[in-house]
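In this text, residue positions in the sequence shown follow our numbering: the first is 1, and each later residue adds one.
Read the hints as simulated data drawn from the structure, not as lab findings. Here the structure is a predicted model, which means the values were calculated and not measured. Treat the hints with caution; some may be incorrect.
For lysine-lysine, the following DSSO-like pairs were computed, each having C-alpha atoms within a straight-line distance of at most 30 Å [to be verified]:
1) K31 <-> K179
2) K195 <-> K179
3) K114 <-> K63
4) K179 <-> K63
5) K195 <-> K63
6) K63 <-> K31
7) K114 <-> K99
8) K63 <-> K99
Computed spacing ranges between beta-carbons, pair by pair [as the list claims (entries may be wrong)]:
9) P163 <-> A208: 47 to 55 Å
10) E105 <-> A167: 44 to 52 Å
11) T79 <-> Q168: 16 to 24 Å
12) V138 <-> E178: 17 to 25 Å
13) T52 <-> D192: 44 to 52 Å
14) T92 <-> E156: 38 to 46 Å
15) L75 <-> T182: 19 to 27 Å
16) A167 <-> T28: 33 to 41 Å
17) L194 <-> E156: 27 to 35 Å
18) A167 <-> D57: 16 to 24 Å
19) L194 <-> L158: 25 to 33 Å
For glycine and all other residues, C-beta sits at the position ideal for the given N, C-alpha and C.
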Amino acid sequence: MPRHSSFVFLLVLALVARAETLDRIAVTVGKYVISEQDLVRDIRVSAFLDGTAPGFDGTQRRKAADRLIDQYLVLQDATETHATLPPAGSATPLLTPLKARYASEAEYRAALDKAGISDAGLQTHLLTGLRMLRYTNVRFRPQMQVSEEGLRAYFEALMSQNPNAPAQSFEESRGQVEKLLTDQQTMQSLDDWLKMMRGETQILYREAVFR
Numbered sequence: 001m002p003r004h005s006s007f008v009f010l011l012v013l014a015l016v017a018r019a020e021t022l023d024r025i026a027v028t029v030g031k032y033v034i035s036e037q038d039l040v041r042d043i044r045v046s047a048f049l050d051g052t053a054p055g056f057d058g059t060q061r062r063k064a065a066d067r068l069i070d071q072y073l074v075l076q077d078a079t080e081t082h083a084t085l086p087p088a089g090s091a092t093p094l095l096t097p098l099k100a101r102y103a104s105e106a107e108y109r110a111a112l113d114k115a116g117i118s119d120a121g122l123q124t125h126l127l128t129g130l131r132m133l134r135y136t137n138v139r140f141r142p143q144m145q146v147s148e149e150g151l152r153a154y155f156e157a158l159m160s161q162n163p164n165a166p167a168q169s170f171e172e173s174r175g176q177v178e179k180l181l182t183d184q185q186t187m188q189s190l191d192d193w194l195k196m197m198r199g200e201t202q203i204l205y206r207e208a209v210f211r
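Construct the entire structure; sequences and hints are all you get.
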């Protein structure tokens, strides 16, 4: 083969390889890349945890992308602030109730195989969620200040939404009501922060992946 023909052939191979690599990119968040395979993995694991069949249409891929973007933004902030996060292995206890769904370890492993995921991948997913939760509580919960008036108003709203619930006084429910309201406000604070960070970060979706 002539030398120039060999060069052209190698160039074509390089371009094809580059195109295949680009096709695997679903989203870029700044310089961070989320691949199409990342979306598929997230969908499979989320469906396994929910006990539902995975869906891979554009809507489900977009939801997975949004989850992974949020994960990156939160954990990147944790890294930049040098936050202490749960170490590897911390999510292992979370597997216990999942494995309880199955009669044996073999049945559990078979379910993982059927779902197209691995035990290591499942643990990584759980660890990421645990780290996000812990950091959210460290980052946003201390900012929450709940007034007595706010607690009573929230309690009354809960009672009106659940008229058939056993009757309880405000004082009896105070601790639980305060936790629920603080949790709600913490998540709202997180949502507001994520909205701000998304506005400040260049996020590019490769629309072909979501069709």
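Evaluated hints:
1. K31 <-> K179: Not OK: K31 and K179 at ~38 Å, beyond 30 Å, violated.
2. K195 <-> K179: 24 Å, holds
3. K114 <-> K63: 23 Å, holds
4. K179 <-> K63: 28 Å, holds
5. K195 <-> K63: 15 Å, holds
6. K63 <-> K31: Holds, at roughly 21 Å.
7. K114 <-> K99: Roughly 15 Å between the alpha carbons, so the hint for K114 and K99 holds.
8. K63 <-> K99: The hint holds at about 26 Å.
9. P163 <-> A208: 47 to 55 Å: 50 Å, holds
10. E105 <-> A167: 44 to 52 Å: Holds, at about 46 Å.
11. T79 <-> Q168: 16 to 24 Å: With a Cβ separation near 43 Å, T79 and Q168 fall outside 16 to 24 Å, so the hint is violated.
12. V138 <-> E178: 17 to 25 Å: 19 Å, holds
13. T52 <-> D192: 44 to 52 Å: 30 Å, violated
14. T92 <-> E156: 38 to 46 Å: 41 Å, holds
15. L75 <-> T182: 19 to 27 Å: 23 Å, holds
16. A167 <-> T28: 33 to 41 Å: Cβ of A167 to Cβ of T28: about 54 Å, so the range 33 to 41 Å is violated.
17. L194 <-> E156: 27 to 35 Å: Holds - the Cβ-Cβ distance for L194 and E156, about 30 Å, lies within 27 to 35 Å.
18. A167 <-> D57: 16 to 24 Å: 46 Å, violated
19. L194 <-> L158: 25 to 33 Å: At 26 Å between Cβs, range holds.
Hints 1, 11, 13, 16, 18, counting from the list given before, are not met by this structure.
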